[in-house]
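Residue numbers (numbering that gives the first Met the number 0), protein chains in the order written: chain H, 0 to 336; chain G, 0 to 338; chain A, 0 to 339.
These are computed hints drawn from the structure, not numbers from a lab.
We put the CB at the ideal spot given by N, CA and C, even for glycine.
Errors might be hidden in some of the hints.
[To be verified] Beyond 12 Å from chain H on every Cβ pair, some chain G residues (computed):
hint, residue
1, Glu-75
2, Gly-110
3, Ala-165
4, Gly-171
5, Ile-230
6, Phe-235
7, Leu-321
[What the hints assert, rightly or not] Calculated pairs, DSBU-like style, for lysine-lysine (alpha carbon to alpha carbon, straight line, at most 35 Å):
hint, chain 1, residue 1, chain 2, residue 2
8, A, Lys-338, H, Lys-286
9, H, Lys-287, A, Lys-338
10, A, Lys-279, A, Lys-338
11, G, Lys-259, G, Lys-168
12, H, Lys-286, G, Lys-259
13, H, Lys-287, G, Lys-259
14, H, Lys-287, G, Lys-168
15, H, Lys-87, G, Lys-168
16, H, Lys-286, H, Lys-87
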Amino acid sequence: MNADSTAAGPVVEVRELVKDYVTRDARLRQHVARAVDGVSFEIHAGETFAIVGESGSGKTTVGRVLLKLTSATDGTVIFRGDEILDIKERHFRPERRHMQMVFQDPLAAFDPQTTIRSSLREFTRLSGIESRAEQNEAIAEAVRSVGLEPEIADRRPSQVSGGQLQRLSIARSLLPEPELLFLDEPTSSLDVSIRGQIVNLLLDLQERNELAYLLVAHDLRVVYAMADQVAVMYLGQFVEVGSRDQVYANARHPYTRGLLDAAELDEPPRPGDPVRLVGEISEEAAKKPGCRLSLRCPFAVDRCEEPQPLRETEAGHLVRCWRAIEQPVEIGLPSDD
Amino acid sequence: MSVVSPRASGSTAPEGIGRVVAAARARPVRVLVAVAMMAVLLVALVWDPEWRELRVVLTVLAILIAPAVWDAQRREVRPAVAVMLALILLALIGPLFTRDPLMLNVGEALGAPGGDLWFGTDQHGRDIFARVIHGAQLDLGVGFSAAALAVVVGMPLGALSVFAAAHIKGGGLFDSVLLRISESFQAFPTLLLALGIVAAVGPSIPILIFIISIVNVPVYLRLTRSAVAPIVNADFVLAARCAGQPVLRILLRHILPNVKQVVLAQFSVNVAWAIQILAALSFVGLGVPVPTPEWGAMVRDGYEQLVYGRWWVALFPGLAILFAVLTLNQLSDRVRHTT
Amino acid sequence: MSAADGNGMTVPHAVDPAAPDGGEIPVLDVSDLTVGFGSADKRRSIPLQGIRLQVAAGERMALVGESGSGKSLTAAAVLGLLPEGAEVIRGSIRLDGEELIDAPERRLRELRGGRMAIMFQNPRASLNPVLTVGGQIAEVIRVHGDAGRRESWTQAVDLLAEMGIPDAGRRAKDYVHQYSGGMAQRAALAMALSCRPDLLIADEPTTGLDATLQQQVLELVVEQVASRDASLLLITHDIAVARAHCERTTVMYAGRVMEVGPTDAVVESPKNPYTSALLKAFVTVDQRRMYAISGVVPTLVGELGECAFADRCPLAGPECREDVPALRPVDDRLVACVKA
Numbered sequence: 000m001n002a003d004s005t006a007a008g009p010v011v012e013v014r015e016l017v018k019d020y021v022t023r024d025a026r027l028r029q030h031v032a033r034a035v036d037g038v039s040f041e042i043h044a045g046e047t048f049a050i051v052g053e054s055g056s057g058k059t060t061v062g063r064v065l066l067k068l069t070s071a072t073d074g075t076v077i078f079r080g081d082e083i084l085d086i087k088e089r090h091f092r093p094e095r096r097h098m099q100m101v102f103q104d105p106l107a108a109f110d111p112q113t114t115i116r117s118s119l120r121e122f123t124r125l126s127g128i129e130s131r132a133e134q135n136e137a138i139a140e141a142v143r144s145v146g147l148e149p150e151i152a153d154r155r156p157s158q159v160s161g162g163q164l165q166r167l168s169i170a171r172s173l174l175p176e177p178e179l180l181f182l183d184e185p186t187s188s189l190d191v192s193i194r195g196q197i198v199n200l201l202l203d204l205q206e207r208n209e210l211a212y213l214l215v216a217h218d219l220r221v222v223y224a225m226a227d228q229v230a231v232m233y234l235g236q237f238v239e240v241g242s243r244d245q246v247y248a249n250a251r252h253p254y255t256r257g258l259l260d261a262a263e264l265d266e267p268p269r270p271g272d273p274v275r276l277v278g279e280i281s282e283e284a285a286k287k288p289g290c291r292l293s294l295r296c297p298f299a300v301d302r303c304e305e306p307q308p309l310r311e312t313e314a315g316h317l318v319r320c321w322r323a324i325e326q327p328v329e330i331g332l333p334s335d336d
Numbered sequence: 000m001s002v003v004s005p006r007a008s009g010s011t012a013p014e015g016i017g018r019v020v021a022a023a024r025a026r027p028v029r030v031l032v033a034v035a036m037m038a039v040l041l042v043a044l045v046w047d048p049e050w051r052e053l054r055v056v057l058t059v060l061a062i063l064i065a066p067a068v069w070d071a072q073r074r075e076v077r078p079a080v081a082v083m084l085a086l087i088l089l090a091l092i093g094p095l096f097t098r099d100p101l102m103l104n105v106g107e108a109l110g111a112p113g114g115d116l117w118f119g120t121d122q123h124g125r126d127i128f129a130r131v132i133h134g135a136q137l138d139l140g141v142g143f144s145a146a147a148l149a150v151v152v153g154m155p156l157g158a159l160s161v162f163a164a165a166h167i168k169g170g171g172l173f174d175s176v177l178l179r180i181s182e183s184f185q186a187f188p189t190l191l192l193a194l195g196i197v198a199a200v201g202p203s204i205p206i207l208i209f210i211i212s213i214v215n216v217p218v219y220l221r222l223t224r225s226a227v228a229p230i231v232n233a234d235f236v237l238a239a240r241c242a243g244q245p246v247l248r249i250l251l252r253h254i255l256p257n258v259k260q261v262v263l264a265q266f267s268v269n270v271a272w273a274i275q276i277l278a279a280l281s282f283v284g285l286g287v288p289v290p291t292p293e294w295g296a297m298v299r300d301g302y303e304q305l306v307y308g309r310w311w312v313a314l315f316p317g318l319a320i321l322f323a324v325l326t327l328n329q330l331s332d333r334v335r336h337t338t
Numbered sequence: 000m001s002a003a004d005g006n007g008m009t010v011p012h013a014v015d016p017a018a019p020d021g022g023e024i025p026v027l028d029v030s031d032l033t034v035g036f037g038s039a040d041k042r043r044s045i046p047l048q049g050i051r052l053q054v055a056a057g058e059r060m061a062l063v064g065e066s067g068s069g070k071s072l073t074a075a076a077v078l079g080l081l082p083e084g085a086e087v088i089r090g091s092i093r094l095d096g097e098e099l100i101d102a103p104e105r106r107l108r109e110l111r112g113g114r115m116a117i118m119f120q121n122p123r124a125s126l127n128p129v130l131t132v133g134g135q136i137a138e139v140i141r142v143h144g145d146a147g148r149r150e151s152w153t154q155a156v157d158l159l160a161e162m163g164i165p166d167a168g169r170r171a172k173d174y175v176h177q178y179s180g181g182m183a184q185r186a187a188l189a190m191a192l193s194c195r196p197d198l199l200i201a202d203e204p205t206t207g208l209d210a211t212l213q214q215q216v217l218e219l220v221v222e223q224v225a226s227r228d229a230s231l232l233l234i235t236h237d238i239a240v241a242r243a244h245c246e247r248t249t250v251m252y253a254g255r256v257m258e259v260g261p262t263d264a265v266v267e268s269p270k271n272p273y274t275s276a277l278l279k280a281f282v283t284v285d286q287r288r289m290y291a292i293s294g295v296v297p298t299l300v301g302e303l304g305e306c307a308f309a310d311r312c313p314l315a316g317p318e319c320r321e322d323v324p325a326l327r328p329v330d331d332r333l334v335a336c337v338k339a
């Protein structure tokens, strides 16, 4: 690992990130959809920051903007001490070795026309390995580090199982020795019995290499096993942020409580009544000034239509719901003392 | 459940012709480069009154498609490729063994097929068999050249326009402008456009090739565009960007190889189409200058003779067009249905 | 246990100790169902071997397994919709006592639209994209009843409203692509229930949906099936879903039934080591570690002569390799494990 990354500062720091998607309809009228709306967080080396939420919440977009795979509309991202959003792609390309990504569907993440080895080879070039023999050596080592035999790299993506291919995808992302790994639903295309293997592999690799993980997932069990910090995202905004235990064992926001309840999660035990959310996520709600969940929330009252800031309920635990902070008992939470 | 297929296990090195095949399969981009070279060659046509470059084009093509005949993994395409290859070889080597297609022999004019003259003679006593064989070189050569030129321009433009719209700032505008231009090109009836240009600058082989390819560029542009669109945001393209690969390399290594199937199928149909346009232009007298042997022109010559019952003058060149077009369409079909 | 009969497979009618109303004929009775792919040689794959599955009247049965366990193929066999190249080697499938194997295609078609209905993972797969949602539901009602054009439309709108689609009268005129994911699945449920089936087969009906929606849709399915006195066969990979919504559960692995019993009992005290491994992978959440089952699902070439889970099982011994463990009654359920 690079020496400068071991300094006390975070590997990556995101401030007030905004991402708009602009589309035009048949009459060329502009439609702006705000996928990410003022998101801030930081990730330290060896730490996992998880974003959970339903599809359409904008969680994957955060990761893609962070990796400069898509442009940001506003905000700053400071990676290894430098602001990166304004750097031109041409100049940023060498920096890409420090931030890599693991995809949801490993089969889609490999070019079907080439062997796995040649996909992996492209990533060795990032770390400046030019000779073919050295590249093969690096590939063999990476493939072994995820528990597979190096020969498997000579196959095509369609010729290995999903679990093996996800291991190879992880091996590939580690080849340039990154400091930050964006894990985009790394287990959701895998079978239950394989899921644990991949999670444990990622945890081992993190420990060994002091990696910072940005984990995006909707599987709350995987997040519970992996995350240090958890942010719950709804329609582009964080509605609750805190340590893993704060969010799982002391969920405040009705949305978080609804998610945990719907996931049929037994552990850890949660205080308060279960929350049943109705309806489904709708982009229209993202245009409201007030709480975006109000149409689905059983506790919504008039005051919820006022803008809701993210407020601290305890050290490091932020909630975007005035009732959760001021009237916990009324919305089925135990009182604060 | 993911089952590992048994043939996945070995990475045995192929031998002999198989190695050539493997190389051609592994480097689809090189095929593109070869096709591009062919297109460059065509420029030289302008200064060569004998159009020898057509022969070079056909030779390169024969070398390109030959490996597919031995490619056991593409059993489907093999028969069609073999027939196509035979046709090209006939066009290349055949003329060496026939009589002079231009030699006039008024005494033998309009002789019926028989004896040494397998296909009979035309109104000037020229050997129709020799003319059909020589015509193959011209028709196939022009057809392939025109299609190749159109691919070389249309395919990268189409891929680039989608890619730019997805991954480069301001690419959306480039995409729309290119699309509008290609639409305005397609709004013209092809044959009418060709007629107009030929009538203005006079018929010659290079002009014909350029005209036929120009009207085909939008076809490839749109085809490639629609084939690239679903994969331009595929995860493996994002992965290539994570690997810090420059745009051009991603296009060449990851995107184009994944659409080559569709483009190849269209290419084959397009050659057939080009042959038909050439024949049609010749038929109305705006194709190759007389007395060059060309199938369409020969059909026109023979068409007048049909009334007098001299069927052979038009039939044999007509059959040649039919056979070439059918073979190419068949090839296109097979290519499209292989995976 | 006589492991000799039926090629060492399940005794065709092993009595399920906890089956409700043992005397009545089950709505669905699958026994010793074995399906093969390809021609009958040694390398022929056998994705289903000796499947036993009973769904009693009014019962909600979950069929739980990972991908490749054969759960969807079982449903396809019941519906008479096996994919090309697959054939039933032996066994029987009875719907309300009527044998479906070798039944004429016409009869199967009648049953598919009438006494059994299916709901797919992708709701858009069961609705025609070029017809209005209401129109196609009305059509089914018309074909299966004697309702007229106007009456069937009213019934279709009522049905959609019953499924919780707001403003159903207007939404019935929309096309399925205008529906959100949750709404489309509600419409698919309306479609499936429009012919008043005795058995609803729901094949991963909520897998593509988010957790909060999944909960809403499954609760609706359960409620609607119950109010119609129909039976439900819920196919899912998520044992937590099975526990929340089904009374009884059948666990499958590698084309075999591993355990059948009341869901709560199966979840709380699994008797088959595979079931407990699967449960640990789901229910247990541990600090910075997840339970992982080592190894991979076996490829199903030929009929196995041993327990399919033996290679991955922590308890496996030589006796597990002797024969395919038969499904036998243990306490309140059926278990295919010699160690149980």
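- Query: Are the Cα positions of Lys-287 of chain H and Lys-168 of chain G separated by 35 Å at most?
  - Reply: 30 Å, holds
- Claimed clearance of chain H by Ala-165 of chain G, with the beta carbon kept past 12 Å: 9 Å, violated
- Is the hinted pair Lys-286 of chain H and Lys-87 of chain H satisfied, with a Cα-Cα distance of at most 35 Å? Cα-Cα ~31 Å, so holds.
- Message: Hinted pair, alpha-carbon criterion (35 Å max): Lys-287 of chain H, Lys-259 of chain G. Please report holds or violated.
- Response: Judged against 35 Å, a Cα distance of about 47 Å means the pair is violated.
- Between Lys-286 of chain H and Lys-259 of chain G, does the CA-CA distance stay at or below 35 Å? Violated, at about 44 Å.
- Query: Given the hinted pair Lys-338 of chain A and Lys-286 of chain H, is their alpha-carbon gap at most 35 Å?
  - Reply: It is violated: about 60 Å lies between the C-alpha atoms, which goes past 35 Å.
- Under the criterion that the straight-line Cα-Cα distance not exceed 35 Å, is the pair Lys-87 of chain H, Lys-168 of chain G satisfied? Distance ~11 Å between Lys-87 of chain H and Lys-168 of chain G Cα, so the pair holds.
- For the pair supplied as a hint, Lys-287 of chain H and Lys-338 of chain A, is the alpha-carbon distance within the 35 Å limit? 60 Å, violated
- Item | Pairwise hint evaluation, Lys-338 of chain A against Lys-279 of chain A, where the allowed Cα distance is 35 Å at most | 19 Å, holds
- For Ile-230 of chain G, which was marked as not at the interface, is the minimum beta-carbon distance to chain H over 12 Å? 9 Å, violated
- Should the label of Glu-75 of chain G as a non-interface residue stand, given a Cβ cut-off of 12 Å to chain H? Non-interface label on Glu-75 of chain G holds, nearest chain H Cβ at 18 Å vs cutoff 12 Å.
- Least C-beta distance from Gly-171 of chain G to chain H larger than 12 Å: Its Cβ does come within 12 Å of chain H, the nearest being 9 Å, so this is violated.
Hint compliance for this structure: hints 3, 4, 5, 6, 8, 9, 12, 13 are not met, and every other hint is.
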